[in-house]
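Using the sequences and the accompanying hints, generate a full structural model.
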Amino acid sequence: MIASLAFTAPLLLAALAILPILWWLLRAVPPAPVKRRFPGIALLLGLTDDKAQTDTTPWWLLLLRMLAVAAFIIGFAGPVLNPEEDRAGSGPLLIAMDGSWASARDWPARKARVEELLAEAAREGRPATITLLSDPPAGPLSFQSADAVAATLAGVQPRAWAPDADKVAEWLPRLGDAAFDTVWFSDGLDRDSRADVLAAFEAKGDVSIIETARPIYALKPAVFKDGRISITALRSPAGAAQSITLSAMGPDPNGAERELATATADFAAGATSTEVLLDLPTELRNRVNRFEIAGLRSAGAVALTDDALKRREVGLLAGRNDQEAQDLLSPLYYLNKALVPTADLIEGSLQDMLLASPDALVLADVATVSGAERDALLDWVDEGGMLVRFAGPRTAAADVESDDPLMPVRLRAGGRSVGGAMSWGEPKALRAFTRDGPFFGLSIPEDVQVTAQVVAQPDPDLAARTVASLADGTPLVTRKSLGDGQIILFHVTANAEWSTLPLSGLFVQMLERLAISTRPATIAAEDLIGTTWVPEETLDAFGVVSDAGDLAGVAGEVLAENPIGAALPPGLYAGEDRRIALNVIASDTTLSASSWPAGTKVEGLSVAQETPLMGALLSAALLLLLLDILATLSLSGKLRGATTAAVVLFAVSALPQQSRAQDDSRAVQATSEVVLAYVKTGDAKLDRVSDEGLRGLSMSLFRRTSVEPADPIMVDLEADELSFFPILYWPIIESQPTPSPEAYAKLNRYLRTGGMILFDTRDGNIGGFGASTPMGRKLQALAAPLDIPALEPIPEDHVLTRTFYLLQDYPGRFTSRDIWVEAAPADAQAAEGLPFRDLNDGVTPVLIGGNDWAAAWARDARGNALYPVGRGFAGERQRELAIRFGVNVVMHVLTGNYKSDQVHVPALLERLGN
Amino acid sequence: MSQATPKDTATTPAGLRHRAEAHASAFPALLAQAEHLAATVLLGEHGRKRAGMGDEFWQYRPTQHGDGLRDVDWRRSARSDATFVRQKEWQAAQSVMLWVDDALSMSFAGGKDRPTKGHRARVIAMALCVLLNKGGERFGLADRGTPPRRGEGHLTRTAGHLMNAEGTADYGAPNARVLPAGSRAVFISDFLGDPAEVATALTAATDRGVRGVLLQVLDPDEEAFPYDGRTVFESMSGAIKFETLKANSLRDAYLQRLAARKAQLQDLARKTGWRYMCHHTNDPAAKALLWLYQSLERGAS
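Chains as they are written, first to last, in this note's numbering: chain Z, 2 to 915; chain H, 125 to 425.
Just so you know, these hints were derived from the structure itself, not from any lab. Quick caveat, the model's predicted, so the values are computed rather than measured. Mixed in with the good hints, there may be bad ones.
[To be verified] Partial selection, computed: residues in chain Z whose CB lies under 7 Å from chain H:
1) Lys-36
2) Arg-38
3) Asp-50
Think of the CB as a built atom: it goes at the ideal place given N, C-alpha and C, for glycine as much as any other residue.
Shown next, in the form of structure tokens:
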């Protein structure tokens, strides 16, 4: 295309004639000399310039000035590249515009062009009209005076959808009989209806087509692909290799709309589509509400996302894993399996998970939640969280408060067992789901059976809260709304211990129905039959998302099948519990450039290409003058001493170093070696005894075993991190302050993650374990918020009796035999020919007794016992046993059930041998 | 020694004296070598190792015929039968005459961080006077027409004369109105004027048995000629003009001429038994003063 050049003020060009005169004038005037006083002139007199240099300006300086002046003259003459051309014609003028999303990008240019056409038509007295093919008028064409049409031009906006072939075909017969000329603004995309429309227009008169050569870009809806987001960008026409930037937009944590991520889509040369894989953190991904091509104002360049893209974040928390640490028995195993494909799982402490604000939180057999955690949980549920709880032995054993807000129903203590060895009944199957429940329609496999469950107290609300029940009518799943969220309780375990439900596909479907996991992305019409979808947000042709206001709802099947149009604008439609995005570009859309039959007049949008050159020329002239100044200065010797570049030093303020040396040194001390720790009670004497006791025990451990502990550390429950310590020795004293809820949360976390607390009521001389002594009552008060499993007096075959020494007594300063540990599973059985039961794994989280062990262990720096134990030799023997008990406890904490497992050695050897 | 900065060099005689004292304070008293003492009858501090006029005791000698009674040292004579006359050592003072160029060309300073040549010349001259005064020599300004003297008052007067000297000519020529035979002379100038006049003055002085030193004071700009481009050079009075289109092309020729001028002066000095030195105003004044001190002490060679 040959660029044409025109001037807005061509007369000014005549001034170019003065250039030769200027040349002559400038030539005659040499640069002004510098005057210098200089005594050395006496020596200069008589010297002559070595070269006969003329007194005139050098030719190149003259040329520079001439160019500058010429640039000024031409610049002020107003040169314009590619000026607009005139169009002439007669008769009515139809301005037909595709008016689709693809036109939105250069809509202002189109409008300017239309305005110009209308102005021209007005000058020539031609009536005109504007028609949008994407929204064809209902009636026949009505030509009006061009001025009147121009007044309505401001209201003409493109639509977010492409012209619908059926509607256009319907409209064409209404064109009428009168002849008219047509200017057709094409959006540059090929459509089947184009040929018909063109033929219809050509039948009426001249047709000229205006089409921009700019490529059109579009985005297909984002889909999930191997855990990443796949976005396909389209362009038309295919051209050279090119990169475009995609932005993921969404609210930031403060709720303000902003760009959350960017990606670059690289089109290969000649390719019309390219795929971008975007890997976003779940938090971020769930906030994305649309993808768009950066800098493009077009509905096609925006891909709204809906729930299909949001993967729910599900937090999993099991009670203490006291069972065999085998995967298949883990309370979370089946949940993991069921949720991993469709949701993002997080595990951690309850408080940490709540910070991540998951969509759902699964508590598998967690019976007790401490005060602070409970409040946080309630707040979270209240704000829309979904708490799913599974029952289990712990839940069954828990002393359920009469009205636990975190339980949908009140539970009876103990639960029930059906179909076991000791019960009469058969294992129960599930009752078909009721119509108004969330599970309606799911088929129940034959083999789903429940052998044990927790049972709800009869209650007026019970029926309303039950969403699934067993064949005999006892509730299996109960649900309660709380604020914006809900609490769901499965009355069985999350593993296969109590029922076969987790083994069945029904389990996954139930989780899906409860919206714990995410639903599949595709919309099937049959899924949507009978549902109504209300538009929440709509997308206009420019890609701007706006509130849908009170647009009427749409039937599901319409949403799934009808093309977008005036009745079904693109946007976000909300159903009962999910949202569907209806995008301009469907996943099967392809873009191809429009092709016109030979002989059709196709023009570009030249309005956009008219380039005034005035500014550039004037800038060039100024630049030349600047050069001239430098050249003149250098010629006259005034350009001396290069300006020294100012070096700007940025004072980089060192980041303030936070003084955390103390914390760190403590952590290093606690973790570089095994360290025994005791809880600070606030009683100086008691704390000293604890310290001396643990020091004595550490010395004994050092001497007798391969455990070589460092000096014991006092732990402040409120301030210190507990996770460094394998065991906490906690002597009980009445005056001890009750720890704060945060401290309890910390303690619970400590217990859940494998820590052990040795409670010592130090009253073994006055009473057995229980609520009978003041210390006992204090212990009960202190330990109530702790997540402590069921306890039992230490059995004779407990692993504590043989982790290092063989022991049957656990004396300290006192010799009470009341030591309580976590209860062994009820079904533990002694293997044939072995003295011990085949007990389960794990370290008992608590060890409760009252024998004042610290006093018996206590030694000073030289190793002398500090406190009297017993009397005479028997007393020394008692002290020795106390130390042996201490050694056993520490070995138990550090080695777990290792000694217990040794009972399997003969069997293993036998298996290996054969 | 503190380098004189242009700011604190007062333009009053007292200021000049102050600066000069500061420069001179580092030197011991200057006893200019007196060569032709017979010719100078004025007393100074040059002991002649013979009896004569002076302040220092030389010897007692027996009274001879013709000695007046007044001359008899009665205290010495009382210790013996003979009478003795107390003789003092013959002491002679040297006269140093200074000529400091006060022409307009001396008022040139090439940069703001340097004093003018004239200023530098006056400071050096005055410092020399201070040293001479300390040494008991007599000094004077050759162009003032007053005989050489010594003493604090004369020092002050000399400073005043130096400060008030304002020539009107572009270039100065040595003006030796008073140049006692056998005295020493110090000419301080830029010697950019007519070299013939310098030669005349020098020969005339040599004829009278006067030897001395030539101190040429130049600005670094005069040494380097750092000019460029089209320039009109003017003498300090503006009377002489010289225009060039490319000043830098003249640099070599100028430097050549300057070197020739220096060689001419050197040659002249050697022929007449004088000493010559070139001093630049960006060098410390003490350097020139030290050289002058040494030259005057050892005598021109």
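Indices of hints not satisfied (ascending): Of the numbered hints given earlier, the structure breaks none, since each of them holds.
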